[in-house]
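Position chain B relative to chain A; hints supplied.
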Amino acid sequence: MYPSRFNYESPKTIAEAIKLLDAGNGEAKILAGGQSLIPMIKLRFAFPEQIVDINNIPGLDYIRFDADGSLHIGALVRHEHLEKSVEISMRQPTIAAAAPLVSDPIVRTRGTFVGSVCHADPQGDWAATMIALKGHLVVQGPKGTRTIAMKDFVLGPYANSLNYNEIAIEAVIPAPKGVARGGYLKLERRVGDFATASVAVALDMSGDTVLGAGFALAGVGGKTIDANDAASVLIGQKLTDATIAKVAALVAAKAEPRTDHRGSAEYKRHIVEIFVKRILVANSTQKVA
Amino acid sequence: MSSLYEEINAPLASDIPIRRVTINVNGEARTANVEPRLLLAHLLRQGFKLTGTHSGCDTTSCGACTVLFDGRPIKSCTMFAVQADGHDVQTVEGLASASELHPLQEGFKQEHALQCGFCTPGMMMAAKALLEENLNPTEDEIRWALSGNLCRCTGYQNIVKAVLWAAEKMRAELN
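Note that the protein sequences, when read in sequence, are chains A and B.
For the first sequence, my numbering gives the first residue as -13, with consecutive numbering after it.
For the second sequence, my numbering gives the first residue as 9, with consecutive numbering after it.
Cut-off 25 Å, straight-line C-alpha distance, at most; resulting in silico cross-link-like pairs (SDA-like, lysine to any residue):
id, chain 1, residue 1, chain 2, residue 2
1, A, 209, B, 67
2, B, 57, A, 25
3, A, 70, B, 142
4, A, 28, B, 93
5, A, 70, B, 172
6, A, 15, B, 27
7, A, 15, B, 67
8, A, 5, B, 43
9, A, 5, B, 23
10, A, 209, A, 235
11, A, 70, B, 95
12, B, 169, A, 86
13, A, 28, B, 63
14, A, -2, B, 96
15, B, 57, A, -12
16, A, 28, B, 57
17, A, 263, A, 244
18, A, 15, B, 93
19, A, 70, B, 140
20, A, 28, B, 94
21, A, 28, B, 26
22, A, 28, B, 67
23, A, 28, B, 22
24, A, 28, B, 54
25, A, 70, B, 152
26, A, -2, B, 37
27, B, 169, B, 144
28, A, -2, B, 30
29, A, 70, B, 80
30, A, 137, A, 151
31, A, 28, B, 19
32, A, 28, B, 126
33, A, 28, B, 95
34, A, -2, B, 79
35, B, 169, A, 178
36, A, -2, B, 27
37, A, 15, B, 41
38, A, 137, A, 212
39, A, -2, B, 93
40, A, 28, B, 155
Simulated from the structure, these hints should not be mistaken for laboratory data.
Next up, chain A with everything else stripped away, as it sits in the complex (with noise of 0.2 Å):
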């Protein structure tokens, strides 16, 4: 399969990009790990006049915490940065558990995070990844900086809420009051297949209490499933048998799935409730039946 013609730029500096992307007047396309852009190109989905590779910008490949805990993730760390990172293993297991999750090995060699997240792809792991962490996005474009959060930014499927000269730059995750705990769980036929189900869970713990909860949905639905309503139940419990019940079961109620040759509707949304619970019980110092 061969892409439409396009021209091809490769900008040194960020506001190069932007320079370009503004002169491209939404005809322009940014270019990150390529692993969603370059199928849709080559099938024809997208035809952009122009493309603007930003792989040879320098300073975006850091994963860094600060010392308030929150979390910065730069436009070009690949999905293996993050499978590799010892420190997102021990301080942010939602994202630990689903990027080694994401595609396939060889693609996660490529495939950047923030590219993933811009993508908003209905089956996207780290879209549902930054809504149920409830992450904002640092977007430039011509007229400076801004923040978009992770809930306004996913308007639908492959739809997000830059403007066609803005670039994302930055993922920020929010430090935890406490302890951030929580799991990424997905199901698929094989590795790299679109997930039958996949769900997010981020905890924000103090010892055994809740301080804050985040759920989000992917392949369960039209685009990426904010679920995060469904956490108040939680704010301030404890996790046991019976406020896990009741999230799991709140949480699949957002389900939005439809009957497919990956299975029923049905049975999606019994495996997004499971899923929770199976996550929140592996975090819940408790006993649970």
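Chain B only, in chain A's frame:
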């Protein structure tokens, strides 16, 4: 007219964006003029005639086109050739020396790890990336490392054995 078709109103060369790229392929600098839309897999196969890199699914699924890009495995059907400008690319042709097979190639032979052979170059390049990081992988680690590469013949059993075989040989060579 020397052919059955003669284009009368061809697009001007100046309308087609062309980039000059120099890529270090298997240790040798190769330079080419490419259209930005040319995929790395196509430049390797049709341009440089390195047909060991296979084009399988062409949709980032099968891994037959896996090459090492600055030492890390990538699917060369999912990178534009222009992006490789100034970078190192290793293909399956770079594995063996003139007189000796790479331990992975030997392992695939010893353990009968191929039937039709179509997935083999990608399998070997993905395995090479694994062994460069971990010369003592478990069976499980090998299976995960190769999970982006599809084989429709072998059921993977002997491919895993071949990588274990190569790892053992490479460890022995170190000592």
